[in-house]
Amino acid sequence: MAETTAVQAPEVKKKEPVFGKKERKLLTDPLDDNNPITVQVLGICSALAVTTLVLPSLVMSVAVMFVLAFSNLLTSLLRNSIPKQVRMIVQLIIIATLVTVVELTLKAFSFDVYKKLSVFIGLIITNCIIMGRLEAYAMANKPWRSFLDGIGNGLGYGAILVMVAVIREIFGKGSLFAGSALEMKMIGASAEYWIDTTQSTFFGWYAPNNLMVLSPAALLIMGVMIWVQRSRNTKLIDIS
Amino acid sequence: MDLFNIFIKSAFIENLVLAYFLGMCSYLAVSKSVKTAFGLGLAVIFVLGITMPINWLISEYLLSETGFFGVDLTFLRLILFIAVIASMVQLVEMIIEKQSPSLYNSLGIFLPLITVNCAILGGSLFMVSREYNLAESVSYGLGGGFGWFLAIIAIAAIREKIRYSNVPAPLRGLGIAFLITGLMGIAFMSLMGIDPAAFMEAS
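Residue numbers (the working numbering), protein chains in the order written: chain A, 14 to 253; chain B, 187 to 389.
Please keep in mind that the hints were generated in silico from the structure rather than gathered at the bench.
Zero decoy hints are in this set.
Restricting the straight-line Cα-Cα distance to at most 35 Å, the calculated cross-link-like pairs of lysine-lysine (DSBU-like) are:
#: 1; chain 1: B; residue 1: K284; chain 2: A; residue 2: K97
#: 2; chain 1: B; residue 1: K284; chain 2: A; residue 2: K155
#: 3; chain 1: A; residue 1: K38; chain 2: B; residue 2: K218
#: 4; chain 1: A; residue 1: K198; chain 2: A; residue 2: K128
#: 5; chain 1: B; residue 1: K221; chain 2: A; residue 2: K97
#: 6; chain 1: B; residue 1: K347; chain 2: A; residue 2: K248
Label-pair restraints from in silico Cβ distances:
#: 7; chain 1: A; residue 1: L195; chain 2: B; residue 2: E251; range: 40 to 48 Å
#: 8; chain 1: A; residue 1: Q98; chain 2: B; residue 2: P354; range: 40 to 48 Å
#: 9; chain 1: A; residue 1: V241; chain 2: B; residue 2: N319; range: 44 to 52 Å
Source: prediction; values computed, not measured.
Glycine residues also receive a C-beta, built at the ideal position from the N, C-alpha and C atoms.
Next up, chain A with everything else stripped away, as it sits in the complex:
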């Protein structure tokens, strides 16, 4: 396969590959090296608000990924015709439109999820990941790459969100995927739970921890996650 492309190469040499190394890097970088939450410090507020349960965090990540990818694409298409002085208002209108699209789609196709999440979906407008990527990437790059950058950052955001939510839901509520068809009961003081804390010798001391439901717990968990990530990936250590 590589040989055939090499033969054809002289004709298409000037054209950039549709999905080459740089494009793949756009998708994988935000997962670790350039994660929106733990490295770029964007979108913390919503990460604190939604992560008490896994299901809302999942829906939120998908919604943010959609809005991020398409607002990056639209802004990148319009980037040369937006005057610098009013760019924020233009960007916000694009974001608000897409958020409304998500909201109405959810309302039309799955009303139950919409009722549970309507507040969080509105929060996407003030999610600084979106504005941050528009300012830092889409205003200066081509549409296709901006779109991939949006998908990648959405994935990185979702990964952190779901990890924090799993920890908080298990230890705070004693369940996993509550509210969905997959609901599991993990740690609690009755026979319905996987680990019955009154019977188990190991978890005998444990009761669901209410601190985990409060927002400071999310900050503490994220702090520890940054610690773990940076001890693995020493490039990210803050030298200053």
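Given the coordinates of chain A, work out where chain B should sit on it, guided by the hints.
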């Protein structure tokens, strides 16, 4: 309720950052030095103090049923509030760029991000749900901004000091800032629900 009480309450007891965790992103990212934190804090006070009364006028005279159009337009609230905030931030950005280019450069991307600082939109939404009047909303805006200012100065000072202590290398910088904020948040939770008016009568 008098205006001073609202100011104290929004600055200390119901602090936007430490009690409600709003405006976290710029709070964590711009708190490396007290100087930049000071600049951003002042900008947030200004934007909150200005947008709050404007948004109050909009929701009272344009969006409510008794307002200019005579129809209930509250579904437009979010978009209009955001538009007001965005234009105010753009104004602040132009002023800072002209008056102090060094501050402008050190704030970087976080100046436009004041627009999506949830403390500001959150403040406007709290103001509507608590049914403040015009004077009260000005006082609430300034108080909330002052509380945000104090919180970011506090963490910036802690982070400047902590630079000289022996923090594990991977935790340095952002990691320890998250942990400190979490602990400060737990401390502030014990202030929730205190009523300054009742306290003043009692003493």
